[in-house]
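Novice: Here's the letter readout for the chains.
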Amino acid sequence: METVKKENKFFGLKDLLRNDLIRRLVSIIILTLIWGFISYFLNDKDMLPSPISVAESIAYHSSQELFFHISITLSRVFASFFLAMIIGSAIGIAMGRNKILDDYFDGWLILGLNIPALVTIILCFIWFGLNEVAAILAVTINKIPTVTVILREGTKAVDEKLIDVGKIYKLSKLKIIKEIILPQLYPYLVSAARSGLALIWKIVLVVELLGRSNGVGFKINEFFSMFDIASILAYTIVFVFFIMAIEWFFIKPLETKLTNWR
Amino acid sequence: MTGFNINIRDKMFPLKVGNNEKKNVIFKNFDLKIPTGELLCIFGPSGCGKTTLLNIVAGLDNKFNGFITYNKKISEEKISYLFQAPRLFPWLTAQENIEFPIKKEKNCKKISNNLLEKIGLKKFANSFPNKLSGGMQRRIALARAFSTNPEVLLLDEPFISLDNKIADQLRKLLISLWKQKKPIIIFVTHDLNEAIQLSDRILFLSNLPAKILLDYKIHIKRPRKINSAAVSSLKRLLSASVRS
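So the sequence lines, in the order shown, correspond to chains A and B. Mapped onto our numbering, the consecutive letters of the first sequence carry residue numbers 1 to 262. Mapped onto our numbering, the consecutive letters of the second sequence carry residue numbers 1 to 244.
FYI, nobody ran anything at the bench for these hints, they're computed from the structure. This structure is a prediction, so every number in the text was calculated from the model and none was measured. From the three backbone atoms N, C-alpha and C, an ideal C-beta is built for every residue, glycine too. Mixed in with the good hints there might be a few duds.
Stated by the list, open to error - Heads up, simulated PhoX-like pairs for lysine-lysine below, C-alpha to C-alpha not over 25 Å straight-line:
no.	chain 1	residue 1	chain 2	residue 2
1	B	Lys106	A	Lys170
2	B	Lys78	A	Lys173
3	A	Lys170	B	Lys104
4	B	Lys109	A	Lys167
5	A	Lys175	B	Lys109
6	B	Lys165	A	Lys252
7	B	Lys165	B	Lys235
8	B	Lys109	A	Lys170
9	B	Lys221	B	Lys165
Stated by the list, open to error - Here are a few chain A residues that sit away from chain B, every Cβ distance over 12 Å (derived from the structure):
no.	residue
10	Arg18
11	Ala55
12	Glu179
13	Gln184
14	Ser225
15	Ile229
All chains should be built: construct the whole structure from the sequences, respecting the hints.
Specialist: Encoded structure:
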């Protein structure tokens, strides 16, 4: 009897792991445990604080200015994200549809892709001063080329034969763009948005570190000068959590909705 | 004459031979009149400009000298086109695809439901094209072509690369949809059986520059069976006269 029971229990665990949400949760727990073990054996609170002391730090900072700085950083992320998406998509679609334009600006695009983020940031701060406009501009400029490249490829892959169908039924140019070209670009837009978000928030932090007096990047610089690793980790974890939430609750559902026909 | 008048003075096609561009003449003084309600088949070897002709009539290709005139009753908006491939929008469901050209109209739902019933795909109204078979996709494309209630319908070898049985069903479906309002149909094919089975009139085109070799009216009653005596003797007669 006992063996049967054991098998049932084992089967129950296996069953549980079949749920992908549980699997993801288990993986996060494992990562935290590994971190805990390393910090325990290292036994150096300054170098690698334990998950518990970071959790305490999160609790402490939440009562302080944590969410203020996060909201500042997030608004910078969104502002530059939308600017880069709109401008980058427009350029990408134009280059994808017009070969001559593509020939002229392809070199610029490669140049833009290869300029280090740090260079644009510093130049923007020197030219436009240490202000909000320069900060957002720097991030946007960094992101535009990648969006452009993705959308250019997407536009080149647009099926001309489907556009002919629109022409047969006398759709206006605008309607053809909206109803025939855009739906074919959705997968590319989602992919640009996803890689964009991941890149932009990292650049925003550097911008804040170099030239702003608020935001997560600014705080991390402050903790760096005080050698406060627990606080650095606390800010990072909470901020990453926000970005992941955006991915899960905004980009993923949007993707499923836009590409459910695949 | 009421109907449709096609007059192409010349239509060239740029052709690259090595480094120098050559111009290939596709049509020269091509003249064709189609009366209302006629189902015309255009039969000819591949590459003889059949698709080009349809594209000119449809307004997709404007680079030609000549004119297409419509009888007063036919407006340009009333042209529909069924392509070689179904060309359905993969992000729209079967029903949405059929409704695509008529979205603005009030009784759009009624028309699409009606057509779905006729093509026997009512159950698949909400399926995406990728989930449907090739034959089903063509049926939806056929329904879309008829949804605008066209006065001229252009078909470019629409039943190619399907197995005979399905192609036969689709031909029957085409005839039954056509019989309701009898639009002008220009049907391009290189299958003589298909042409004889469907059309009121067959036009045989030559190699480039395309000329009309033979203009033949068929009087056999529909439905026509491929292996019936009338059809097969006509087939023998036509292929013999075209060869000479």
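Novice: The structure should be examined with respect to each hint, and the outcome stated for every one.
Specialist: Evaluation of the provided hints:
Taking the CA atoms of Lys106 (chain B) and Lys170 (chain A), the gap is near 18 Å; set against the 25 Å cutoff, the hint holds. Proposed proximity of Lys78 (chain B) and Lys173 (chain A) is supported: the alpha carbons are some 19 Å apart, at most 25 Å. Of the pairs offered as hints, the one joining Lys170 (chain A) and Lys104 (chain B) holds, with about 13 Å between alpha carbons and a cut-off of 25 Å not exceeded. Taking the CA atoms of Lys109 (chain B) and Lys167 (chain A), the gap is about 22 Å. The hint holds against a cut of 25 Å.
Distance check on the hinted pair: Lys175 (chain A) and Lys109 (chain B) sit about 21 Å apart at the alpha-carbon level, within 25 Å; holds. Straight-line distance between C-alpha atoms of Lys165 (chain B) and Lys252 (chain A) comes to about 44 Å, which puts the hinted pair past the 25 Å bound. Between Lys165 (chain B) and Lys235 (chain B) the CA atoms are separated by roughly 20 Å; this keeps the pair inside 25 Å, and the hint holds. Distance check on the hinted pair: Lys109 (chain B) and Lys170 (chain A) sit about 20 Å apart at the alpha-carbon level, within 25 Å; holds.
With a C-alpha separation of about 21 Å, the suggested pair Lys221 (chain B) and Lys165 (chain B) falls inside the 25 Å cut-off, and the hint holds. With a least beta-carbon separation of about 26 Å from chain B, Arg18 (chain A) lies farther than 12 Å from that chain, consistent with its non-interface assignment. Annotated as non-interface, Ala55 (chain A) keeps its C-beta farther than 12 Å from every C-beta of chain B; the closest such distance is 45 Å. Non-interface call for Glu179 (chain A) relative to chain B: violated, since the shortest CB-CB distance, roughly 8 Å, does not exceed 12 Å.
With a cut of 12 Å on Cβ distances, Gln184 (chain A) falls inside the contact zone with chain B, its closest approach being about 8 Å. At roughly 53 Å, the least C-beta separation between Ser225 (chain A) and chain B is larger than 12 Å, which holds for a residue marked as non-interface. With a least CB separation of 49 Å from chain B, Ile229 (chain A) remains clear of the 12 Å interface cut-off, as annotated.
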